[in-house]
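Protein chains in written order, with the UniProt record's numbering: chain A, 1 to 335; chain B, 1 to 335; chain C, 1 to 335; chain D, 1 to 335.
Please keep in mind that the hints were generated in silico from the structure rather than gathered at the bench.
List of simulated lysine-lysine pairs, PhoX-like, C-alpha gap at most 25 Å:
1) D:63 / A:6
2) B:70 / B:260
3) D:155 / D:118
4) A:260 / D:6
5) C:260 / B:63
6) C:259 / B:6
7) A:13 / D:259
8) B:13 / C:259
4 protein chains.
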Amino acid sequence: MIIILKKQADERKVEALKQEMISQGLSIHESEGANTRLLGLIGDTSVVDLRHIMANEIVENVKRIQEPYKKANRKFHPEDSVIKVGNVKIGGGHFAVIGGPCSIESKEQMVEVAEKVKEAGALLLRGGAFKPRTSPYSFQGLHGDGLKLLLEAKKATGLPVVTEIMDASHLPLFEDVDLIQVGTRNMQNFELLKELGKINKPILLKRGMASTIEEWLMSAEYIMAGGNENVILCERGIRTYETSMRNTLDLSAIPMIKKKSHLPVIVDPSHATGIRDMVEPMSLAAVAAGADGLMIEVHNDPARALCDGPQSLTPEAFAHLMDKVTKMREFFETL
Amino acid sequence: MIIILKKQADERKVEALKQEMISQGLSIHESEGANTRLLGLIGDTSVVDLRHIMANEIVENVKRIQEPYKKANRKFHPEDSVIKVGNVKIGGGHFAVIGGPCSIESKEQMVEVAEKVKEAGALLLRGGAFKPRTSPYSFQGLHGDGLKLLLEAKKATGLPVVTEIMDASHLPLFEDVDLIQVGTRNMQNFELLKELGKINKPILLKRGMASTIEEWLMSAEYIMAGGNENVILCERGIRTYETSMRNTLDLSAIPMIKKKSHLPVIVDPSHATGIRDMVEPMSLAAVAAGADGLMIEVHNDPARALCDGPQSLTPEAFAHLMDKVTKMREFFETL
Amino acid sequence: MIIILKKQADERKVEALKQEMISQGLSIHESEGANTRLLGLIGDTSVVDLRHIMANEIVENVKRIQEPYKKANRKFHPEDSVIKVGNVKIGGGHFAVIGGPCSIESKEQMVEVAEKVKEAGALLLRGGAFKPRTSPYSFQGLHGDGLKLLLEAKKATGLPVVTEIMDASHLPLFEDVDLIQVGTRNMQNFELLKELGKINKPILLKRGMASTIEEWLMSAEYIMAGGNENVILCERGIRTYETSMRNTLDLSAIPMIKKKSHLPVIVDPSHATGIRDMVEPMSLAAVAAGADGLMIEVHNDPARALCDGPQSLTPEAFAHLMDKVTKMREFFETL
Amino acid sequence: MIIILKKQADERKVEALKQEMISQGLSIHESEGANTRLLGLIGDTSVVDLRHIMANEIVENVKRIQEPYKKANRKFHPEDSVIKVGNVKIGGGHFAVIGGPCSIESKEQMVEVAEKVKEAGALLLRGGAFKPRTSPYSFQGLHGDGLKLLLEAKKATGLPVVTEIMDASHLPLFEDVDLIQVGTRNMQNFELLKELGKINKPILLKRGMASTIEEWLMSAEYIMAGGNENVILCERGIRTYETSMRNTLDLSAIPMIKKKSHLPVIVDPSHATGIRDMVEPMSLAAVAAGADGLMIEVHNDPARALCDGPQSLTPEAFAHLMDKVTKMREFFETL
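For reference, chain A alone in the conformation it holds in the complex (with noise of 0.2 Å):
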């Protein structure tokens, strides 16, 4: 870290500011130039508040040389990170498809489309009980009784599910959950993150809609501070100005994350286009970007879906997406 000092700045109150940060562990480093007077501080400084040192008034500007992140870090964790999801392993050159319906509607749905997603190679199946909706009036999910649904099907085909979890006090109700999922916009859902933090179940974390990739790996060191090192990063679609899609597919989000951190990363593609034509291509560029794993939303009757329609495969449209998947992995080992 390095703190530069404005002009003229009065010497006692540089050195009470040197004080208190070689009180915090650091030692300092001087350099002066014609215009610039530099404080290098060397050491941990993850725990270093840099906008507290801006709230100094000798201070001019902080740049940060280190990142905040220690836990998600990849430069004191070098080799990439398996997370064990049931018996499945994703990450460190593990490839998992996580399949199933935006919502849990109905015993006969879940069963259906979980049979489905399996027979075509999903390896995790997925379906939501909480749903974050923008509209008070819209489905809102069916919570307890859902969760019950998703466990049958996971009796039934044996297959680790996925759920979202959108509020600590729901915990007790995720106890078989395989996976829990943290949604794009409880990502700094602190106090979730905290919790979640406490249990050794693995974290499905998604990206925030407008979140920066330092944002993620901090969202990611909440719950590795807290004990939960199976964090499993998600890339959804980030905000931007564009309107013919729901969302933007940042996939050089996967290379970045690769270089910055050990963690696994996949890619839902159906959030962040919204578009079922776009899920196939934007799912065969994730791969070839080097993606840990895909979540692909898929309906028995997407036009009766109670959410997300639009984005959703029939089984029939994933299968073929699971062949196409499946072959490029294979063509990968051979590249």
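Mind docking chains B, C and D on chain A? Use the hints.
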């Protein structure tokens, strides 16, 4: 709502879609051009899920004509809402300034700042006990102990108090809080919004970091649909590509909100800019744009603030600002 | 196009508006609900100025149903366009890689890089003589002298060449250039687009830094409306709030363009990411997403490049990438 | 400028980099921590190309400490610049309103509007003859004939005139124009900026639709580096994800520009919002934020305007606004 059908749409499927809409209480007006066939839906379309219709294979596009919010909509409530916080009124010509520190740190700090902001003319006192911080290693607030200090300052000064809630389970601690703030990261924490809809305390709903004005009003609608119509909106800057400031303050949101909604809207220039020197010009601009109030961070010793020091005013600078704001409000009454 | 009228609109003004629309060759279909009265315009609305109608005091809103572009619209030209650059075809299944340095620096550099990229399988050669640099103090390119060096490299290798134009007055210098590039900052330099519409050389139209897909197609329409239908689109990253990379590569633009337009679209991962290590994964992802080509920066000595060294590949890395791209294209033909 | 070296960087390459920097007239201050080794560059770094250094394989990152602009930088020119347009001063306490139609349509329109805006207190007259329109099918302006009408209105009223240039080749037509506007789409049309740097007429430089404040100042620097220091900046709204308005007016740019630069900055609320009713509140807010002027669209018959009618004020509404603006300026002088 206008449904644009695909060319050569299967007539039976068109009929089924029309029946589905009619069964929701809507009537239908058809229109056919050389290249396009439209279904106009007439009635209360706020309950219609646009994306559900989009999922239908015969549909090319859907456009909403009416706003999806009702309780927050000025069309159905032409008069400005006036919200009472303690004995302070906000909205409909009533203007109020909220002052206080970003985070509650000690009794001395709270009491000193509270007395100073009251003296300067603030009508409400702010102070954070639960702090949403990007890093798990940053100061997270004093929690319950902080709220106690805030309530002591309330007792000492008589000012109603505002503080942020981060999880619905903390609600019992907020019994004596006068105005409960929902922060930018929780604007779409729908479980929290639903709980706040059940109480009858006023809620200060900050705009999400990258929320559209419509999404913001839909979040207000969540609280109002639950029965609590005491919502005050707070613009606090949005995320853009600009890096020289913390956020981009969107003052044009004020006249737009006034057009679309009857709810009061205040402005937080401290968080929006993150820079002390910009608080005054942006406060005056907010008043000129028609804001119903301001929320300003004030700290007795900004360089030692545990949070957001760079944007905090000293009590002296705040008094100076209040003087200008008061004169400006008086001037505007003559304009 | 749908015009939503205000309640209680003056009947004479409604009549006048209808007559105005009819005089533009459109017919009108009226529709009236409880809260809304609509005028549907039927006919070629691409020439109707939406904001002109919005200006009418009796109008509440206007929604476009048909796209405002015609020549670039797939609806009126269902087959993929194939654009010929020299003897190289792009689009409609024809794939081409453009390689070469960001800026032309010397004869040795150009000839060396040109031979290396040809050997590796590039079908076109790039090199910038006119460089749009953010700073007036940065290297601005060799201008006419640079173009001469590029044409020498063309002669030496037989590769058709691509280079950027920054002002219509430079056109005479571009006579032997095979593909003229319009850079991201000039995508809406309409005077330049109009001049390029008058020639019959192919144009490589980069997406504006913050352009919507519709605006991009409208800029293509400018060139095509002038008579030059040889337009190739190039996605090169858009501006978002993310700061870890130069831009955010929007690969979902590829399937979206394919849906809306018949024009070929290629991808420039070098400018999009600005980071050498990200060029390969993003190139492969672009191929998987359906791109018709790639444009890659290659420099014989990136550390000494006068421009954009951090994103340039060495000829060896480029050959390695080309090998993968070629195998991947072959694989995709079997998929 | 701080260069952060990679761990285990080759010592000879570090030496070569240091020599390269020294040869540019910089001196170097080294600093080494447990995890990081830094080179601090001391001297005039505005000529150093940050990305050139980034391209060096031994470099992990580079951070700029000093701004890359010099002529536009307040540090080297602490007094406000006052720009003279005809006999009107702008900046340094001098405030001016520019009024007039979006596009010049006829003699009657120009003369009528010109007289009305003068009467209401505008000090300059605007009118577009070359119109940058998104669609090639929209009205493109009257070009040379339009300029003649504008100059007639100048003669009739004595008001200095402002109009947009779209291509340097049109400069001869602008001889009698008093203030030449560079539009948002041409803010980085560097060939045009260079030509404008060679003349000594004042330039009104609009902010690019998605430009950072630094990029905007760098474009001013282009003109100033050429020798023309008469630059007035104009904030006109930036592109964000918000769809209810045309752009998002960034009033916080005003105090930020005032901090970084000595150049005057005015605001165009008409283009920023695109909505007539929002022009007044945003104009008053701009004055409160410290703007040196306003540019307002006025049309004698907005519903018939050939361009941007929805945002144009009638002469009566403009007179009403001018009255408020004038009173507000007087009030601010007493504040």
